[in-house]
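Q: Quick note, our numbering runs 1181 ahead of the 1-based positions in the sequence shown.
No lab work stands behind these hints: they were computed from the structure. Treat the hints loosely; a few may be bogus.
Unchecked claim - Heads up, simulated SDA-like pairs for lysine to any residue below, C-alpha to C-alpha not over 20 Å straight-line:
hint, residue 1, residue 2
1, Lys1554, Asp1578
2, Lys1580, Thr1396
3, Lys1414, Lys1345
4, Lys1580, Asp1568
5, Lys1311, Arg1435
6, Lys1580, Leu1422
7, Lys1414, Glu1400
8, Lys1251, Thr1238
9, Lys1554, Ser1585
10, Lys1251, Lys1311
11, Lys1242, Gly1318
12, Lys1251, Gly1331
13, Lys1414, Glu1551
14, Lys1251, Leu1225
15, Lys1554, Ser1541
16, Lys1580, Thr1421
17, Lys1580, His1557
18, Lys1345, Gly1318
19, Lys1554, Gly1506
20, Lys1311, Ala1447
21, Lys1580, Arg1435
22, Lys1414, Ala1488
23, Lys1242, Thr1217
24, Lys1325, Gly1257
25, Lys1311, Ala1340
26, Lys1580, Leu1544
27, Lys1554, Glu1408
28, Lys1554, Arg1435
29, Lys1251, Thr1194
30, Lys1242, Gly1257
31, Lys1580, Asn1423
32, Lys1554, Lys1580
33, Lys1311, Ala1389
34, Lys1580, Arg1549
35, Lys1554, Asp1568
36, Lys1345, Met1382
37, Lys1345, Ala1404
38, Lys1580, Asn1436
39, Lys1580, Leu1397
40, Lys1251, Thr1217
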Amino acid sequence: MSAPGARPLIDVTLVGAGGEYMDSAVLIEWTVTPGTAVEEGQTLAVVETAKAATEVTAPAKGVLQEQLAKPGEEVGIGAVLARIATGGSAREAPLPQQFNGHDPALAAATSNTAGLHKRLPAAFASPLAKRIAREHGIDLAGLKGTGPGGRIRRADVEAQLAEKQAQPVRADAQSRAPDLTSRPAESPRPPQATEGYRRAMAAHMVRAAAIPAFTLGLEIDGAKLFEARSRIKQQGGRATLNDLIISAVARTLRNHPRVNAQWDGAGVLFNADINIGIAVATDLGLVVPVLHRTDAMDVEAIAGRMADLRVKAQSQRLSPAEISGGTFSISNLGSFGITQFTAALNPPAAAILAVPAFRSVTLFEDGRLETRKLAHFALTADHRVLDGADVARFLQDLKISIESGNVLRGE
1182 MSAPGARPLI DVTLVGAGGE YMDSAVLIEW TVTPGTAVEE GQTLAVVETA KAATEVTAPA
1242 KGVLQEQLAK PGEEVGIGAV LARIATGGSA REAPLPQQFN GHDPALAAAT SNTAGLHKRL
1302 PAAFASPLAK RIAREHGIDL AGLKGTGPGG RIRRADVEAQ LAEKQAQPVR ADAQSRAPDL
1362 TSRPAESPRP PQATEGYRRA MAAHMVRAAA IPAFTLGLEI DGAKLFEARS RIKQQGGRAT
1422 LNDLIISAVA RTLRNHPRVN AQWDGAGVLF NADINIGIAV ATDLGLVVPV LHRTDAMDVE
1482 AIAGRMADLR VKAQSQRLSP AEISGGTFSI SNLGSFGITQ FTAALNPPAA AILAVPAFRS
1542 VTLFEDGRLE TRKLAHFALT ADHRVLDGAD VARFLQDLKI SIESGNVLRG E
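Between the sequences and the hints, there should be enough to build the whole structure, so can you do that?
A: Structural data, given as structure tokens:
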């Protein structure tokens, strides 16, 4: 509580933004020092979640008064990271405090959190961790949580699941393993700076691998895509082939709601909006920014938004909202010259489309030689949500849309 006459303080909390895979984050850096005047919406800190680095912004205008966490510390959703003194100017603000781990006033400010941790039950877990444990028959009572206050996180449950699935393989591998005891021991390699993110990504992929999935593929002629890109370029635009494919996929999904659905543990959940996540390779690793309501955007809007998201992804400045809520995913490795691949599911979305490079292929059809721009599109699907016929019909419609060029004209 503020002292009489003191300026009111507003808490800066870590918000999950509805991202169901985010139950905690690691504070990477403070971008503002205590005593600095800040505006509402200004970036105060950068945290690393299971999906990407993201920003924490000021909820109100004022002066940053206290920092209650330090870089490298893991904090849970809802935790107070800082406090802002509102009203007046920086000159009038009380003496700011910066986290040092030994400040008596700061210890008092954080005592409530410490007390909360002491009261936590042994099997305290996030809702997502509980759901995954329930789906795979894992007893939470036997797990040790690595989250704040010993909270069991999704990564803890998925690590246990991976351990459980690897046991038979490990036993078999040990029986066939050569004797390596005569080799000199190698020093362990030091941990990498991105180890936390990579560990979270590994846990996410373990969960994806546990989903019953299948893949179907179809060759699509991209001649109309190349024509549309050239036409847009002549008109001063800068849409890429991927932007055009995103547009075609979004409009095709309108007629295939089951492909835009997900499994919620008890049945199929049909998503009201079409939000396409696009896999982007960064120095940190793979991130999937999301284009919300993609089907309501024209190609120009998609191109502009994707350019913005790519820059943010490369600079690790995507917000929680920009990496949450995806209902369908696209992975495009065409720029690397990859001519055929399948993509791993990105839960909770029930489907992901793999887009390779287009190849110029000369075919003999109707008594004459013709050169086509072909690519083998492959869609991997969650078999709990989709059957082969569902995916086949979607791919057929996507092929018709791209090859006719109708979708690219907004039809």
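Q: Among all the numbered hints in the text so far, which are the ones the structure does not match?
A: Of the numbered hints, 3, 5, 7, 10, 11, 13, 19, 28, 30, 34, 35 and 37 do not hold.
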